[in-house]
Structure formats: structure tokens, C-alpha cells
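Starting from the known structure of chain Z, fit chain L onto it as the hints suggest.
So the chains spell out like this:
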Amino acid sequence: MIRDITIGQYYPAKSILHRLDPRVKIVCTLLFLISLFLNKNVISYALATVFLFCVIKLSKVPFKFIMKGLKPIIMILMITVVLNLFLTSGGDVLFQVWKLKVTEEGLRTAVYMAIRLIYLIMGSSLMTFTTTPNALTDGIEKLLHPLNKIKVPVHEIAMMMSIALRFIPILLEETDKIMKAQIARGADLESGNILQKAKSMIPILVPLFVSAFRRANDLAMAMESRCYRGGDGRTKMKPLVYGSSDRIAYAVTWGYLIAVFLIGRFVAVKLWIF
Amino acid sequence: MEMIQTKDLIFEYAKHDEEGNIIGKNRAIDKANIDVEPGSFIAILGHNGSGKSTLAKHMNAILVPSEGTMWVNGKDTKDPDELWNVRQSAGMVFQNPDNQIIGTVVEEDVGFGPENLGVPTDDIWKRVEDSLKAVGMIEYRSHSPNKLSGGQKQRVAIAGVIAMHPKCIVLDEPTAMLDPNGRKEVLRTVEELRKKEKVTVLLITHYMEEVIDADKVYVMDSGQVVMEGTPREIFSDVETLKKYRLDVPQVTMLADELRRRGLPIAKGILRTEELVEALCQLN
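Residue numbers (my numbering), protein chains in the order written: chain Z, 1 to 274; chain L, 1001 to 1283.
Honestly, I wouldn't trust all of these hints.
Said to hold, decoys possible - Using 20 Å as the maximum straight-line C-alpha spacing, the simulated EDC-like pairs for lysine to aspartate or glutamate come out as follows:
#: 1; chain 1: L; residue 1: Lys-1147; chain 2: Z; residue 2: Asp-176
#: 2; chain 1: L; residue 1: Lys-1147; chain 2: Z; residue 2: Glu-173
#: 3; chain 1: L; residue 1: Lys-1167; chain 2: Z; residue 2: Glu-224
#: 4; chain 1: L; residue 1: Lys-1147; chain 2: Z; residue 2: Glu-174
As the list claims (entries may be wrong) - Selected chain Z positions facing chain L (Cβ under 7 Å, derived; list incomplete):
#: 5; residue: Arg-166
#: 6; residue: Met-221
#: 7; residue: Gly-233
Stated by the list, open to error - These stretches of chain Z come out as covered by chain L in the derived footprint (C-beta under 8 Å, 3 or more residues):
#: 8; segment: 124-138
#: 9; segment: 225-231
#: 10; segment: 236-246
By construction, these hints were calculated from the structure, which means they are not laboratory data. A virtual CB, placed ideally from N, CA and C, is assigned to each residue, including glycine.
Bound-form chain L, shown alone:
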């Protein structure tokens, strides 16, 4: 069974004029088909307004499809009886680190999710401890979130999600508001979680560097899934990516330029070491 699956998902919202009358419909997502296998690391790429965040909100049933269907852990997100199951199985981490922390103390915030699920008190403490350890924030457990850095706040938010024992974590541009250090911190945390806890990770981003480890990448543009494949496949096609206003990682860019100037370098180079290797092979 797929962890997350969509079939011809369409999401439309009404456009209003200044008096509040409906003057038309905007299609934010247009027939998106996505399959996420359990345990995999999936990335969704797209520039601003491509519909990737709207799609993310569907995975948590914050939004429900206008047409088509989305299944999370085999449950239809349109079914109101399954709402809380869906939300528990797919945890969300949002962009703004300040606006998703509810507690005034780190550990209380992590406990918020389990409290809502009705987990017994002793179990909450255990879950809070485990998840704070998993993101490496255990020594900050009694701190106020206001005093943490952006990256630390996002790690607390991730801990808050994993304390609910989800099967899948959806990260909606978790690094967009962070500095380079914070970004690395958050990505490393996600990476570790993926390896240790074997959760499915769905990363939504517009930073290319973040997706090179993904098992599969979807590229979205104006509501449609326009490309899908492994990072290597996606980044081989620099021209198409540029058409969708996406930048490829610097290394890939350099390799591409070199190849165009006539050097025999393979397509889809993702890491610096690979390029070094490829260049050393030349003679």
C-alpha cells in the first residue's frame, strides 16, 4: 500500500472581487498524481506559486480536493471520520518556525500533539523525551522557544511531529526562513530521522541542493506535476528545469556548462566529488 497517493487531484479556490462576489475560479492544483512509497524520501520542487504548498496541505486534510482523491495511509482525506487518523499519520512541519510552536516551554510544545491524541501522561513524557533526543534538542527541554535559533525551533517543531508517531512527515519549506547554518541543521536532523526511525519523508522545497538524496523528485509548475524521476534524471535536464524557473545545484550547472563546451562529462552530476571524479577521468 502506498503511504500517500493522489489520483487526478484538483484543487480550486474561488476568486473574489472587492465586494466579495465570486468572479472566477483559480486552479491551484491541476490533476496531480503522486505516489509515495512507505519509507521513501520524496521531494517536491517548484518555484513560488507552483501549488506545492497547497498540495502539502492536502496531505494533512487541512485542504480537501475539489476533484480527484488523495489517500494518506490508505485513508481517503475527504472522509470526515478518518480526519484525525489522517492528521496523525502525516505530520506537518511548516515554514515559519515561530508560528507553529504552541507551548511556552520546549517540552510542553512537543507534548502538545500527544496530549491532543489522548495519550496517557507517562507515555507523553516518554514520547517527548524520545523525540527530543531524536532531534538532538534534549538539553533545551526546559527552555523557552523564544530564545532558540530558527534552526533549533524547526527541530523542536519536528520533534513535536514525531512525538505523535506519524508514519510520514511532510515538511513544507522547513528551511525557507533559515540561515545556511539553520538549513544544514534541519536537513541533517531529517536525514538522521529517516535513517534511524525509518519514517517516510516528503520534503517540499525550492532549494535544489536539498533534494539530491531523495529517492524520487516531483517538479511542479502552475499546479501541474511536470517532471518526475530520480534526482539524477531530473537534473540531467537543465534546460527544462530552467524553463520552470528552477536553478540546478552549482555543481550540476558547472558540469552542464563544461559538457556543452565539449568535455565528455556524463549528465546529471549531483555532488562535487562526482564532478571531481569525472574530471580526473579526463585526460
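Here chain Z stands alone, though its shape is the one from the complex:
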């Protein structure tokens, strides 16, 4: 089941997007997310669609792979759409099912909300598909660097994130091992209601935590013995430097955001109710 979740995974490929500075990708993703909430009419949505699909094309990540990432949010999506559809009032009533009225406004918000959510997931998963976890933490560290002035331990947070990423597969493997060991001793993990299932997780979680702490202790020792002493005086093996393609990416995304803003502000187009 865990393997089904593609959000947050890295998709190795050689594309312009993969080569971009992680900071650019983080900032541009944020700008894209902002743009989604500035969208007001058909034209700006069309613009967002064109923008997103061009970027997907550039990334060389298969479209199918991106769509797979939408799977886990289908439920949330359905709930949002249904709630918006029936509970938003305004405009003419389009049709009525029992006591639930569907209004123009309701249909509009429901459709827009669905598109926003889908694009939001597609946009942000595109970022993680094209950025290695390490590059991502490096980018975050560099972007949040100014927070150091107000005593936020930015380097430590980034280091923690990258260590967590490094240990996820190891801990997953370990969980698997412990589960098998407990099943071999007759533990019943499958049957029973939610409460019983949750209870049967205890003999898995306890040894997992114990071993995680042991690992953490070992790792801390290994890091200290390799002269780790926090971020001060540390040099970078792969320092982040902006190149010309990074500047172009910034310019394009900012241009797109401004266009969306202006369209929302000044262009009034109405296609039926949208």
C-alpha cells in the first residue's frame, strides 16, 4: 500500500526541470499554488492549464505517473466537490434533488475547487518528482537561511529532514521484519475491528522505536566522529548557484503569476456560468 503513494517520490530523468536549482522549483511551485487561488475566470484557468501542461511536458515525467499521485486524494476531492455543490448558495437554482439545491454559484465553486485541488497536487508532486530529497532539503535550508537571524536552527532542521529521508527505507524494511517476526510467533495483525488492529500494532511499534533510538544513537556518534559540529564553518560539496536557466524559470513563473492576476482583475469573460 505504501508503494502506491507517489507524492514525494523522485522520478529520475534528464530534463531541464531536473537540472533547475531546487530553490527555483520550491519558489515557483509556491507561486503556482498562489496563482491557483487568484484564478477567477475561464481564461485564467486555461492559462494555468497551459502552464502546468507545458511544465509537465518539459519535466519528461510520464503523465500517467503524475495522475497516479492523485489517487490518495480522490476521497477528499469527492467530499469537497459534493459539499461545495450542495451547500454553496447564490445565483439561479439549476436543479434540485430532494431538499438539496444546486445553484449556479455552487456548481461553479465545486468545479473550480476540484480543478484547484487537482492542479495543486499535480504541481507540488511535479516538484518532488524532479528534485532529489537532498536537493530539496538543501534548497529549503538556503531559502530559510534568513531565519537564522531570529535564532531558528535552519541548518539543524534541514539536517534532520535529510536524515529522516535517508532512514525511511531502512525503517520500513525493519517494520516489515518485525511484523514477520511477530506473525511467526502467532501475532494476529489482520482480523478484528479498528481498535483491536490498533492494539495489535503495539508489539510492532515498541521494538521499532527501540531500534530507531539505537540507530539514532549510533548515527549521532558516527556524525560526531566525522567532526560534525553544526552548520558553522561547514562548506558545501554541492553549493547552490543560480544559472541562466534558473533566472529564466523565475521570470517565466513571475510573468505567469502577474498575467493570472491581471486577467482576474481586468478581464471579465463569462462562458455560461463560469
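Same frame as chain Z, now just chain L:
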């Protein structure tokens, strides 16, 4: 000057009862005296709980002596100003290959040490490349460490240490968690490094076969150094080794048994060829 030297080193840790009160002291190391000359290959033997890993942790100033002194490259490990010098001159490789790799990519992990030392970026790349070549892992530079075998992971860990240009490498049971192939792989790597890079190697282990090439062997038992000498000297004394719950290599064992049955075979045979030679001399 000695690379590593200890004088009457004692390390004690407090024993706690269930409420966390101190109820006594455990002496993990009891007056250990060790001298390691630059460029030599030293082995420390001992069964579990003999204090050999505790001693290893002193060489990197992860632990500091309760009494007595330890010098690494002439620097007292108790001196906080010399802490980073000590850690840079004596690199450590630990037992568990998974728990000492920090990077998510092999080359990033090897670069971790030099990054901490503040080495300029270009130099880091050069060091990473050289050390990965030295351990024969250069073709795995952009792999994830999770996909490597145990032996390969230990070689990456060794590369990570030599990238810091240490004068001495301390290997704390580097093969204990590996299969026989992984063990051979790691030992061969250490052997090559010793010959090519001329680093001092201090190998802590409980596998006898690994120490037959050592220049000097120390045997530890319950915190004390109980035997020291060349491998040949140490393995001549099969009886004493057994007392310290250590097994001698199979060949040595066989030679010893044969001698006891009356065959005139010299003491301290370490390799199969030597035994073959000795047996062929008989008539």
C-alpha cells in the same frame, strides 16, 4: 612520536538502579597501556564485553578517560581545544554499516566529513573521488547507500573516513555484521589502503583470522590488556587464548593438536601454507 598512546587508561561508568540512583561504578577499561607506531597495523582482540570497543571510542574522543591519559597524534584527548584535531587524525569506522552512513547518495556521504572540516568545494570533490577510488567504489558514486551490500556500505564508510585525510583509521568490528564475502571485501580494502596510503590501521575484532597480518596484537579481557605481541607470539599460546574465550585460527588449532600428539611442529603457525610446509618437512 607514537600515533596513539595510552598511559594507565581507566574508564569507569556509573551503574544505576531502576530509579536512576548511582549504585556503583563499572570499570570498563582498567589501566590499559597501548602504543601504536605510525604506519603500523595493530589489532585489538577480545570477546564481547572485554572493553575493546570502549577503548576504540577513546581514540576518537567520543569517550574521555576517567583516569590516565590517551594521546592521539601527540594530542591529549581530554583537551577540549584539540577535540576536532583528534577526531580528524583518527577516523572511526563502526560496526553497523547502516547506522554510520549519513548521505542519501554515496558521494554525498563521503563528502560529509570534508564538509564538516570546512574544506573548499573543489577540494571536496577531489577528495571524494580519490577516496572512492581507493576503496574501489567509484562506480557506485551516485547510488543510494540503501541498495548496496553490507560490505559495500562498509567500504563507503571507510571512504568517508579517508576523505578526511586521517593519520590513523580505527575500525571497530567493521566485519561483525557482514557475511564471509563482505568480510573479505572489507579486509582486502583495508589491506590495500595500508599498503598504498600508508595509514596507521587499528583493527578491533574478535575474528582471529583477521589479525594474522598485524604488526602487533593486543588481547583484552575484562577491561585489561592481558596479552601483547606479534600474532605469532600470541597464537603460540593456545591455552591462554582459550582462557580468554578466544578461538585461534583453524590452522593454528590443528597445528597445536598435532604437536600435542607428538609431531615436531613449531608453535605459532598462522597460515595453511606454513602448516603444509611444516608437514612436508616431516618424514
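So, going through the hints one by one against the coordinates:
no.	hint	in the structure
1	L:Lys-1147 with Z:Asp-176	holds, 17 Å
2	L:Lys-1147 with Z:Glu-173	holds, 12 Å
3	L:Lys-1167 with Z:Glu-224	holds, 18 Å
4	L:Lys-1147 with Z:Glu-174	holds, 15 Å
5	Arg-166	holds, 5 Å
6	Met-221	holds, 6 Å
7	Gly-233	holds, 5 Å
8	124-138	holds (count 3)
9	225-231	holds (count 5)
10	236-246	holds (count 4)
The earlier numbered hints are all upheld by this structure, with none contradicted.
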